[in-house]
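Given next are the chains, with one letter for each unit.
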Amino acid sequence: MSVTVRLPGALAPLADDARVVAIEVPAPADVSTVLDALELRWPALARRIRDETGAVRRHVNVYVDGDDVRSRSATSTPVPDGAVIDVLPAISGG
Amino acid sequence: MSVLLAIGTRKGLWLATSDDRRTWSLDGPHLLPDEVAAVGIDTRRDPVRILAGVQSSHWGPTVLRTDDLGASWQETEQGAIRFPEDTGAALARVWQLQPDTDRRPGVVWAGCEPTSLWRSDDGGETFELVRGLWDHPHRTEWMPGAGGAAVHTVLPDPASDRVVVAISAGGVYASADGATDWQPRNSGISAVFMPGPAPEFGQCVHKVAPDASGHETLYAQNHHGVYRSDDGAATWTSIAEGLPSDFGFPILTSPRASGTAWVVPITSQMVHVPPDGRLRVHRTRDGGRTWVEAEQGLPDRSWTTVLRDAACVDDADPTGVYIGTRDGCVYGSDDEGSTFSTIAAHLPDVLSLRAVTLA
Chain G
1 MSVTVRLPGA
11 LAPLADDARV
21 VAIEVPAPAD
31 VSTVLDALEL
41 RWPALARRIR
51 DETGAVRRHV
61 NVYVDGDDVR
71 SRSATSTPVP
81 DGAVIDVLPA
91 ISGG
Chain L
1 MSVLLAIGTR
11 KGLWLATSDD
21 RRTWSLDGPH
31 LLPDEVAAVG
41 IDTRRDPVRI
51 LAGVQSSHWG
61 PTVLRTDDLG
71 ASWQETEQGA
81 IRFPEDTGAA
91 LARVWQLQPD
101 TDRRPGVVWA
111 GCEPTSLWRS
121 DDGGETFELV
131 RGLWDHPHRT
141 EWMPGAGGAA
151 VHTVLPDPAS
161 DRVVVAISAG
171 GVYASADGAT
181 DWQPRNSGIS
191 AVFMPGPAPE
201 FGQCVHKVAP
211 DASGHETLYA
221 QNHHGVYRSD
231 DGAATWTSIA
241 EGLPSDFGFP
251 ILTSPRASGT
261 AWVVPITSQM
271 VHVPPDGRLR
281 VHRTRDGGRT
291 WVEAEQGLPD
301 RSWTTVLRDA
311 ACVDDADPTG
321 VYIGTRDGCV
331 YGSDDEGSTF
341 STIAAHLPDV
351 LSLRAVTLA
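The listed protein sequences correspond, in order, to chains G and L.
Note that our numbering numbers the first sequence so that position 92 is 92, with each residue one more than the last.
Note that our numbering numbers the second sequence so that position 31 is 31, with each residue one more than the last.
Looking at chain L on its own, in the form it has when it is part of the complex:
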């Protein structure tokens, strides 16, 4: 078994591989000097396909793909993601590339800016705008977060036609019919930047991840607030007690162990550094009732941030956990987040991480 870790950064993409998750080989940079804010690895294909959401500050955004682990890259001639003329919109950035499951072979989802969801049926070569979300009456009221306004999380249910998305700053939306009709699902999630009680939508949900038991149980890292839902996002309950801060960007869940999740706390919405300058990963094994801090291998006196997609887990046993920082470091754990070691340093800001096991 070997593990492939794709590291998307502000300037280029690196591909790290390891046979033991202790010693890593780093291949890169690829796609220099462009930003790679989204990476998806489609293991349903042989060979494995890596999809990259690429952004050039001059030449704009695009989706590139490689079927040979970065030896060559292909771009769809007419462009993989292009807004239809009637929308009057233009793609600004690809935020998320999410291969679907074996239930829907060939399907890949993309979350983009301006706030939009896209679906591919050909492995990410061409995408169609999901009109049900683009035409949603709430769309004109969704606001940008600090990083922009986008669909940043796409969670297709492997057991049904349900799809859950998270939007900055629109909140959580769910579709029960394969992305045609959408409803807000933010009951119980706070919006500290709005006056009055929490609204039906408009929350700045940073990341959502499904429990290993299935998509009836979900976890959310919010703009202040960490939550769990046990009813498919219909309602949310706080699980932040025990954390040094309820602010952060990523949230990860184990693909194997129900109730296991990880967060990376940040001091506050105004102070984006780790609490007391200590970069730590916190793990729960009981659905958020209790949390344990991991410090071995993680730096003290660290003033960096881990962005929402700069964290991932792999599908090995035990689960590997990976975080990437804005100061260009990547840390990995082969023991489900109990201890960490440095995989890479001195990279540009890490924006996206994805890890898979390769046969």
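So here's chain G without its partners, still in its complex pose:
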């Protein structure tokens, strides 16, 4: 299945300068599945979003179709076919 990941400008250089990337992942998928796929293509990008334990970094927000994954199941949040995932820097990070 195909999902779209939208990246902030600060991370685009780590994704071959793309602000919007299409990712193919096997179904069923969750946020960690999508981040695994990003890591295969762009390890430094994935490292900016999550740490070695797999947790999304404290001052990074990830949304699935507009829902903050922290209010759902974090990286276990299901990702449906065609979902749009937004990665954004949190204002708590300054």
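Treat the hints as calculated values from the structure; they're not laboratory data.
Just so you know, even glycine gets a beta-carbon here, dropped at the ideal spot from N, CA and C.
You may find that some hints are simply not true.
Unchecked claim - Pair ranges (Cβ atoms, derived):
{"no.": "1", "chain 1": "G", "residue 1": "Ala10", "chain 2": "L", "residue 2": "Thr87", "range": "55 to 61 angstroms"}
{"no.": "2", "chain 1": "G", "residue 1": "Ala55", "chain 2": "L", "residue 2": "Gly297", "range": "29 to 35 angstroms"}
{"no.": "3", "chain 1": "L", "residue 1": "Gly88", "chain 2": "G", "residue 2": "Ala22", "range": "42 to 48 angstroms"}
{"no.": "4", "chain 1": "L", "residue 1": "Gln74", "chain 2": "G", "residue 2": "Gly82", "range": "51 to 57 angstroms"}
Stated by the list, open to error - Footprint (simulated), chain G over chain L, 3 or more residues, beta carbon under 8 angstroms:
{"no.": "5", "region": "56 to 65"}
{"no.": "6", "region": "88 to 99"}
Starting from the structure of chain G, add chain L where the hints point.
Coordinates of chain L only, in the frame set by chain G:
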């Protein structure tokens, strides 16, 4: 001869160069807007390699390197420092990047938070966790200092397999076998924040530096207390008498003259400003028996702080001494700390300084 001074700050890195240590050219900012808390300059390589411990408030920590004096920066694709899965830990910050000596070509050490020591054998491109320290039974009892919990000082002995580290707040630890087995080495160092007599470990040692004669003699700036060891850290003796305060963060030693060291006193553990608001560097030439204050070129009415790694010496003759402040100033001396002049001002908080001579 020219001198390269790397200035790591809360927001970016500057590279200062000078042919006479009086007039400086400042190149930067590099790596803006990220924090650069650790800088290492590896002069064993040609060209020289600068390593930077970088921290983004959003995107986390990483190690970057440049082999062209900042014209371009490289990052190891899989990440230079990554905790193995079995540790359940994640890198929080790189506090120290210490190239080893000619005895161990290619070896670079990293001190990190959470409290951990790392070793690279490829010039800082990839690091492995030093398990001997990570698995040490004391680790779960080490406490964070005000800045966090980390290995902040790594001193590989150029003449043996000994390595000494300093930990906030765990104290001094030494390995005689190249970082496999570790023992606490804090006898004589106080811990004013703990009740009772000073413990075997857990001291908040701020910085340790080796004497020019070799690593049998070491100096320590503690959380209250300035010490010297003459037996490779086995025991420590106070050398604070004559200083306006025994509290401070950095301690520097001459790479040339045995018995020569510098400290930057702060009023107390509760009041982190220079005594009487006068930023001063104090030098000893006799192993701490006596101290001389340097004031020329340093500010009066200064309420800033010099952090533990925001100070360094170079390897020129006479030795250059450099300090950087939390109010964004860098002061340098070309006469072994007798007089200072301003190298830079209005930078972000200075976190790390390293200086080397370039051919």
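Review point. How does the coverage statement for the region 56 to 65 of chain L fare against chain G, requiring three or more residues with Cβ below 8 angstroms from a Cβ of that chain?
Key: With 6 residues close enough to chain G, the hint holds.
Review point. Are 3 or more residues of the region 88 to 99 of chain L near chain G, judged by a Cβ distance of less than 8 angstroms?
Key: holds (count 4)
Practice item. Just tell me: holds or violated, for the beta carbon distance of G/Ala55 and L/Gly297 against 29 to 35 angstroms? Key: violated, 48 angstroms
Point to revise | Satisfaction of the hinted span 51 to 57 angstroms by the C-beta atoms belonging to L/Gln74 and G/Gly82 | key: For G/Gly82 against L/Gln74, whose Cβ atoms are near 37 angstroms apart, the range 51 to 57 angstroms is violated.
Check your understanding: Is 55 to 61 angstroms a correct range for the gap between the Cβ atoms of G/Ala10 and L/Thr87?
Key -> About 28 angstroms separates the Cβ atoms of G/Ala10 and L/Thr87, which means 55 to 61 angstroms is violated.
Point to revise | Consistency of beta-carbon spacing, G/Ala22 to L/Gly88, with hint 42 to 48 angstroms | key: violated, 33 angstroms
In this structure, the earlier hints numbered 1, 2, 3, 4 are contradicted, and the remaining ones agree with it.
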